[in-house]
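K.L.:
Top to bottom, those sequences are chains C and R.
Using the working numbering, the final residue of the first sequence is 440, and nothing's skipped along the way.
Using the working numbering, the final residue of the second sequence is 440, and nothing's skipped along the way.
Worth flagging that the hints you see were computed from the coordinates, not collected in a lab.
Keep in mind that the hints are not guaranteed to be accurate.
[Said to hold, decoys possible] Selected chain R positions facing chain C (in silico; Cβ < 10 Å):
id, residue
1, 4
2, 101
3, 366
4, 403
[Said to hold, decoys possible] Distance ranges between label pairs, derived from CB positions:
id, chain 1, residue 1, chain 2, residue 2, range
5, C, 353, R, -10, 40 to 48 Å
6, C, 434, R, 352, 50 to 58 Å
7, C, 270, R, 273, 37 to 45 Å
[Stated by the list, open to error] With a straight-line cut-off of 35 Å between C-alpha atoms, the simulated DSBU-like cross-links for lysine-lysine are:
id, chain 1, residue 1, chain 2, residue 2
8, R, 363, R, 418
9, C, 117, R, 363
10, R, 112, C, 85
11, C, 363, C, 235
12, R, 112, C, 386
13, C, 386, C, 418
14, R, 418, C, 117
15, C, 85, R, 363
16, C, 363, R, 112
17, R, 308, R, 78
18, C, 117, R, 112
For glycine and all other residues, C-beta sits at the position ideal for the given N, C-alpha and C.
2 protein chains.
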Amino acid sequence: MNETVKYLLDEQHLPRFWYNINADLPQPLDQILHPGTQQPITADELEVIFPRAVIEQEVSTEREIEIPQPVREVLRQWRPSPLYRARRLEKALNTPAKIFYKYEGVSPAGSHKANTAIAQAFYNKAEGVKRITTETGAGQWGSSLALAGSMFGLEILVYMVKVSFNQKPYRRAFMETFGAQCIASPSDTTASGRAILAEHPDSSGSLGIAISEAVELAAQRDDTKYALGSVLNHVLLHQTVIGLEAQKQMEMADAYPDMVIGCTGGGSNFAGIAFPYIGEQMRGGHTIQSIAVEPSACPTLTKGRFAYDFGDTAHLTPLCKMYTLGSTFVPPGFHAGGLRYHGMAPQISHLAALGYIDPRSYNQLECFAAGIQFAKAEGIIPAPEANHAVRAVIDEAEKCRESGESKTILFNLSGHGHFDMQAYTDYLGGKLKDLDYAENEVAMALAGLPAIG
Amino acid sequence: MNETVKYLLDEQHLPRFWYNINADLPQPLDQILHPGTQQPITADELEVIFPRAVIEQEVSTEREIEIPQPVREVLRQWRPSPLYRARRLEKALNTPAKIFYKYEGVSPAGSHKANTAIAQAFYNKAEGVKRITTETGAGQWGSSLALAGSMFGLEILVYMVKVSFNQKPYRRAFMETFGAQCIASPSDTTASGRAILAEHPDSSGSLGIAISEAVELAAQRDDTKYALGSVLNHVLLHQTVIGLEAQKQMEMADAYPDMVIGCTGGGSNFAGIAFPYIGEQMRGGHTIQSIAVEPSACPTLTKGRFAYDFGDTAHLTPLCKMYTLGSTFVPPGFHAGGLRYHGMAPQISHLAALGYIDPRSYNQLECFAAGIQFAKAEGIIPAPEANHAVRAVIDEAEKCRESGESKTILFNLSGHGHFDMQAYTDYLGGKLKDLDYAENEVAMALAGLPAIG
Chain C
-12 MNETVKYLLD
-2 EQHLPRFWYN
8 INADLPQPLD
18 QILHPGTQQP
28 ITADELEVIF
38 PRAVIEQEVS
48 TEREIEIPQP
58 VREVLRQWRP
68 SPLYRARRLE
78 KALNTPAKIF
88 YKYEGVSPAG
98 SHKANTAIAQ
108 AFYNKAEGVK
118 RITTETGAGQ
128 WGSSLALAGS
138 MFGLEILVYM
148 VKVSFNQKPY
158 RRAFMETFGA
168 QCIASPSDTT
178 ASGRAILAEH
188 PDSSGSLGIA
198 ISEAVELAAQ
208 RDDTKYALGS
218 VLNHVLLHQT
228 VIGLEAQKQM
238 EMADAYPDMV
248 IGCTGGGSNF
258 AGIAFPYIGE
268 QMRGGHTIQS
278 IAVEPSACPT
288 LTKGRFAYDF
298 GDTAHLTPLC
308 KMYTLGSTFV
318 PPGFHAGGLR
328 YHGMAPQISH
338 LAALGYIDPR
348 SYNQLECFAA
358 GIQFAKAEGI
368 IPAPEANHAV
378 RAVIDEAEKC
388 RESGESKTIL
398 FNLSGHGHFD
408 MQAYTDYLGG
418 KLKDLDYAEN
428 EVAMALAGLP
438 AIG
Chain R
-12 MNETVKYLLD
-2 EQHLPRFWYN
8 INADLPQPLD
18 QILHPGTQQP
28 ITADELEVIF
38 PRAVIEQEVS
48 TEREIEIPQP
58 VREVLRQWRP
68 SPLYRARRLE
78 KALNTPAKIF
88 YKYEGVSPAG
98 SHKANTAIAQ
108 AFYNKAEGVK
118 RITTETGAGQ
128 WGSSLALAGS
138 MFGLEILVYM
148 VKVSFNQKPY
158 RRAFMETFGA
168 QCIASPSDTT
178 ASGRAILAEH
188 PDSSGSLGIA
198 ISEAVELAAQ
208 RDDTKYALGS
218 VLNHVLLHQT
228 VIGLEAQKQM
238 EMADAYPDMV
248 IGCTGGGSNF
258 AGIAFPYIGE
268 QMRGGHTIQS
278 IAVEPSACPT
288 LTKGRFAYDF
298 GDTAHLTPLC
308 KMYTLGSTFV
318 PPGFHAGGLR
328 YHGMAPQISH
338 LAALGYIDPR
348 SYNQLECFAA
358 GIQFAKAEGI
368 IPAPEANHAV
378 RAVIDEAEKC
388 RESGESKTIL
398 FNLSGHGHFD
408 MQAYTDYLGG
418 KLKDLDYAEN
428 EVAMALAGLP
438 AIG
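Excised from the complex, chain C in its bound form (with noise of 0.2 Å):
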């Protein structure tokens, strides 16, 4: 009844080689182009802000990159993270679908944003950089770049978006017991935070603007550049340990996934999941269904435009091709705080646009409700991020039982709730509401793209 499977690889299975994608695609991605020329960036334009081994990942089309032995050295402690057959939630749902979790919240961050925040940590120390600036939503990715910082004998300084801020003071703790500083943002250290607070006082803060006033700062001091916790090439490269562990856990379970299911925020944790798959498919084998799952209230992939726009809010940043609801858009202040973003990852973009994936969204209440359905059966509260890959899920698992098919699902639980309880009670307590799809200001926002490609 109660039965625990769990399928652990040991050290010695820890990946050596990240994926990367790009080798893979079928027609390549479009250039990135400078905020400024609206021509392509050149590496030593990236170098203001990025370190160059970075840069050299975000372009490079080799299928496999070494990750460095001191990145391993510190993965360890938790990698290869546990995959789970999710029995119990089988058994609750009484579906003959077979579920597995490959499960991220392990990581003494809690979620699967330590993966590349080692990885960064590590090439900016090796590069001779003091201090790192990036920004924060649910404080998943600022927890994990304190952690990374503090191992690698970094400054770091967070731009935390308020709403966020205010909802997770434990986020901000957790950061500041490493040793990082962290800041509610839009502030009034740059200027273009002070630009937003001019025109909105009471701006709740976005993705798009606190990375806008972490580019800035990185932009103005040699000895400090800016890393981001999603969205390019080298992230979601450093993320594809998840799935290269997964497919190992699979076989060893004897399983090969009919479908890949994982939230999306920038996209990050989904490519790690799905992007090792999507590839195996790519060069000619098992067809998998990808879905990933956004908030109704921030539907990047499923009401957003395929074009080029800027990663921040006062364009401060190369422009890239994506799936985007306007940079200037700022999603209402749901509960999934590391979803609240106006593009999407270019690589996840470009393989939605040629059909490798497929999109959907939900409304938080009922992601809280399958959150808390998963919880009960496997023991493991998901964060609410994670909980939109659960809803979809469940979702599927359903299907399965009304149609008798024995699908195999695997997912990603990208991370724990632990910080987002005050979530889960508004929630039990009936004071979580779903948010409206903000139509017509997505509709403004997308008018403002730039006239490009």
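On the provided structure of chain C, position chain R as indicated by the hints.
P.N.:
For chain R alone, kept in the frame of chain C given last:
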């Protein structure tokens, strides 16, 4: 520089038996007495509040007691838990000491408490119990029992010490997410609670009071039993999986501890890691130093009296021979809520009286400082309770630096601090104070001890 050294056991090495230290004691424990008659209590009398299987374990002198298969099937979700060599901490301290830690924060409830919660829920379910009442201090035990109740389909009612209930709303949310009911203690739902409130309307509560409330309810209904998260023999027994696994993992590391360290409130996490080693010692094996670390504001082992006392404030529980500060003593509201107990496990008390255990106490500020030092080096933020163990470890490692000795230190990192971030915020903000040892109150409580034995 950043090398993580981890010793993992596969599931085949999850222990099949618990280790019962009663089998190896040079003198047997003193008997448990009935609270009314003060005569040795019978199994039938204990059955009013505990299931039969647990009562049998309480008095067993068998060295090995089999772990039921359904319990192992749940435990293996996170067990065997990892053992780490704290190389980064050793480097930071510049010590020749070798520091190892067993990490129990990997359980879904975040601490070692789940080890016994799962076992107790199983035995209650097997005997037809519908509802379990309990108390919780920091919330680790209540969370664990809530989780276990959800796994085995039992109703859980938790009396949470009021000071922790207010300090830690996320712990309450955690329990409620799993469907448990959580009430601040002292409450008006029981006669014991109402009696305390009548005399001390502002009482911040204590584990002793919360136990009275939970026991009172359990004694009233046949379908309801009571579960205790520490102190009693069967609880300590269930925690020995920690030390049994650690013994195998230390062998993998080709090391044997010179000292084993754990924090002590009721004593279960310390017993979990130390008893298998103390048992070896009593059977003629290596002599080790077993250090039990308690808060200076609740110094049971270092300043208490070894005498018969009640487990609770209202004197509803049986009497045990133990180190105690007096069952009417209410410890001040420091942040390690799990260590705010007037008594100490009879087995630990007995071993301390026989000279097998070396107790010491620390104030909370020095413990938080140690916890932050540990977090920055090892990446894991300890629970405030575990910070007491960390403080002793760092002190011992620093002594090794002075003496040049390369001692091997093993400690139990009993839980993470994700639900204790308010305490870290207060500490980092300079708002935390050391709390005085309430010498007069303890003297009064000790003066009120029953004159037995």
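K.L.:
State for each hint whether it applies.
P.N.:
Results for each hint:
no.: 1; hint: 4; result: violated, 20 Å
no.: 2; hint: 101; result: holds, 9 Å
no.: 3; hint: 366; result: holds, 4 Å
no.: 4; hint: 403; result: holds, 8 Å
no.: 5; hint: C:353 to R:-10: 40 to 48 Å; result: holds, 44 Å
no.: 6; hint: C:434 to R:352: 50 to 58 Å; result: holds, 57 Å
no.: 7; hint: C:270 to R:273: 37 to 45 Å; result: violated, 56 Å
no.: 8; hint: R:363 to R:418; result: holds, 21 Å
no.: 9; hint: C:117 to R:363; result: holds, 17 Å
no.: 10; hint: R:112 to C:85; result: holds, 28 Å
no.: 11; hint: C:363 to C:235; result: holds, 28 Å
no.: 12; hint: R:112 to C:386; result: holds, 33 Å
no.: 13; hint: C:386 to C:418; result: holds, 30 Å
no.: 14; hint: R:418 to C:117; result: holds, 30 Å
no.: 15; hint: C:85 to R:363; result: violated, 40 Å
no.: 16; hint: C:363 to R:112; result: holds, 17 Å
no.: 17; hint: R:308 to R:78; result: violated, 43 Å
no.: 18; hint: C:117 to R:112; result: violated, 57 Å
In this structure, the hints that do not hold are numbers 1, 7, 15, 17 and 18, in rising order.
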